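Visitor: As given, the protein sequences belong to chains A, B and C, one line each in that order. Positions 1 to 133 (my numbering) are the ones given, in order, by the first sequence. Positions 1001 to 1110 (my numbering) are the ones given, in order, by the second sequence. Positions 2001 to 2306 (my numbering) are the ones given, in order, by the third sequence.
Check the hints yourself; a few may be wrong.
Stated by the list, open to error - Once the Cα atoms are required to be at most 30 Å apart in a straight line, the calculated DSBU-like pairs of lysine-lysine come out as:
(1) 1023/B with 100/A
(2) 2285/C with 101/A
(3) 120/A with 100/A
By construction, these hints were calculated from the structure, which means they are not laboratory data. Being a predicted model, the structure only gives us computed values, none of them experimental.
As a plain string of letters, each chain reads:
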Amino acid sequence: MTRSLPSKLLIAFSSILLAHACYSAHEHSLLLSSTPSPHDSPSATPISGTTLPLDITLETLISVSLLLVGIISSGWELKPISLRSYAGGVESGRILLDGKKVAGLFDGLEERPGFLDVRKQRKEFADWVKTQG
Amino acid sequence: MNAEERDLLLNPIVPENLVANSKTISDLHSLSSSLLGIAAGILGLESYSGFLFYLLGTLFVSTLIVTFVMGGKPEVYSRGGWKDVIAADVTGGVMGFVLTWTLFFGLVRV
Amino acid sequence: MSVSSLLNRFRSASAYPAPSESLSLSQLAPSILNLTITDTPEQWALYESLLLSTLRTADDTSARLILQRLSDRFGNDNARIMALQGIYDEATATNQSQLEEVLKNYTEVLKADPTNIPIAKRRITLLHHLSKKSEAISALTTLIDLNPTDAESWSQLAQFYFEVSMYPQAIYCLEEVLLILPNAYNVHARLGEISFVVAEGLNGSASKEVVEKLEASLRWYLRSVELCDGYLRGYYGIKMVTGKLLDSKISAGHRTIPEEKVNKLNSIATVQLNDIVAGSEKGGKGFVGYDSAEVSAAKDLLAATS
Chain A
1 MTRSLPSKLL IAFSSILLAH ACYSAHEHSL LLSSTPSPHD SPSATPISGT
51 TLPLDITLET LISVSLLLVG IISSGWELKP ISLRSYAGGV ESGRILLDGK
101 KVAGLFDGLE ERPGFLDVRK QRKEFADWVK TQG
Chain B
1001 MNAEERDLLL NPIVPENLVA NSKTISDLHS LSSSLLGIAA GILGLESYSG
1051 FLFYLLGTLF VSTLIVTFVM GGKPEVYSRG GWKDVIAADV TGGVMGFVLT
1101 WTLFFGLVRV
Chain C
2001 MSVSSLLNRF RSASAYPAPS ESLSLSQLAP SILNLTITDT PEQWALYESL
2051 LLSTLRTADD TSARLILQRL SDRFGNDNAR IMALQGIYDE ATATNQSQLE
2101 EVLKNYTEVL KADPTNIPIA KRRITLLHHL SKKSEAISAL TTLIDLNPTD
2151 AESWSQLAQF YFEVSMYPQA IYCLEEVLLI LPNAYNVHAR LGEISFVVAE
2201 GLNGSASKEV VEKLEASLRW YLRSVELCDG YLRGYYGIKM VTGKLLDSKI
2251 SAGHRTIPEE KVNKLNSIAT VQLNDIVAGS EKGGKGFVGY DSAEVSAAKD
2301 LLAATS
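Chain A on its own, in the form it takes in the complex (with noise of 0.2 Å):
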């Protein structure tokens, strides 16, 4: 997963304004219950989030939806599920792992790793070497 840099600075800006509404959520309700309430009834003291102003309300909303945004426009990276475009992505280079060619799902059939030729590959170097001087 390789994050861009304008998910980034997304991800931390509005991760600063969602720590300041809810910095602001707690300082208002702190004032809510040092303040008597106007009506001098303890009971009616209303402790539910209806009474939170409408500045604090829209800035935890477009915090939390900037920051989903951000988090999800930050490079995941899904598979195709169909062999047949997953294996052409793969033969032709579309799907890369580190910037390198994906080594193809069935190619192990055709080198047959368990009877590698070592001593043919080994003097294929050889005569390669010799050709480079």
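Mind docking chains B and C on chain A? Use the hints.
Guide: The following block gives chains B and C in isolation, referenced to the frame of chain A:
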């Protein structure tokens, strides 16, 4: 042999990719559900309104996943397409949502 | 570099890397050997790949050290380590008699434990290397009797039969591979290639049999591109076989696939090959996976038929 089996034989799928994709998607879901829980806690939502918020939030998250992660083509990356993404979303994240919801509800309010 | 990124580097190279690739992989040996041993499966897989790379480039000192660490960890009587030890012995043998010695050693191990499959495979490879082809084939058929679900063995047997021009047997073996792994698109393409070779080898180019073989070849190639989108090898084959089928020397009466279909397939293959060749030459982003030798072969084919 029914039509579905026949289709699987003609157009096989790669099981490893199916598993890897659903893991990535469920990771995304648990992360986003926790964030939704934080928001619900700060807003001080209670009982049904909280779950309604969760439902709307997951629909939003599913839309984001389909547009950003799947490039608008959910059927390429999951067998059920749209339905799968939303179903995994709604069922997979409830626990994380409730956890952070209650936690932040308690933290913010004294 | 971390173990996993190093391992990816080795995995992206084929089992038959180009010499320059072998050299650069082998040169990673000191840095890999200096990493602390964390005893993870990835690290041992990396050691195994590195051992083969160092043996290819004749870096026998590093190979000895890697093998030592592997056998310290897994023991000398582990079948896989025995096979790696065998590869080391084969690679470092300096004369024929030493190789015969290794072969005798394999035979003895197998006498004690006939189910040691890695060693059985080494013995077959060495027999083949020593040009004892019929012995290699019979040893391999014995191994397949013992372990009939091993697709690698079937595929190797097909290759042995192909080398001695026993094409029907080779095709049978590859069909067995497809029974085990029905989605192996490269095996489909290989079957197409062998059927094409058979058709080419038959005399009397207008006979019914030739057309049959060419059509069989075409069907194998078509399935390979159905299983793998944009498969260069498959489209190359389709272009080649349809070209042959449309040849005026082939009598149309023997064909079971209608001419317009063959024509259409030919033009589809041409379009696909043109796309791949153009994309690869531009170095397009989605084309870096194609082998340059295959691309230039496709280019030659397109030039020859246009």
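Visitor: Evaluate each hint against the coordinates.
Guide: Hint check results:
1. 1023/B with 100/A: Given that 30 Å is the threshold and the Cα spacing comes to 24 Å, the pair holds.
2. 2285/C with 101/A: Satisfied, since the Cα-Cα distance of roughly 12 Å is no more than 30 Å.
3. 120/A with 100/A: holds (26 Å)
When the structure is compared with the earlier hints, no violation turns up for any of them.
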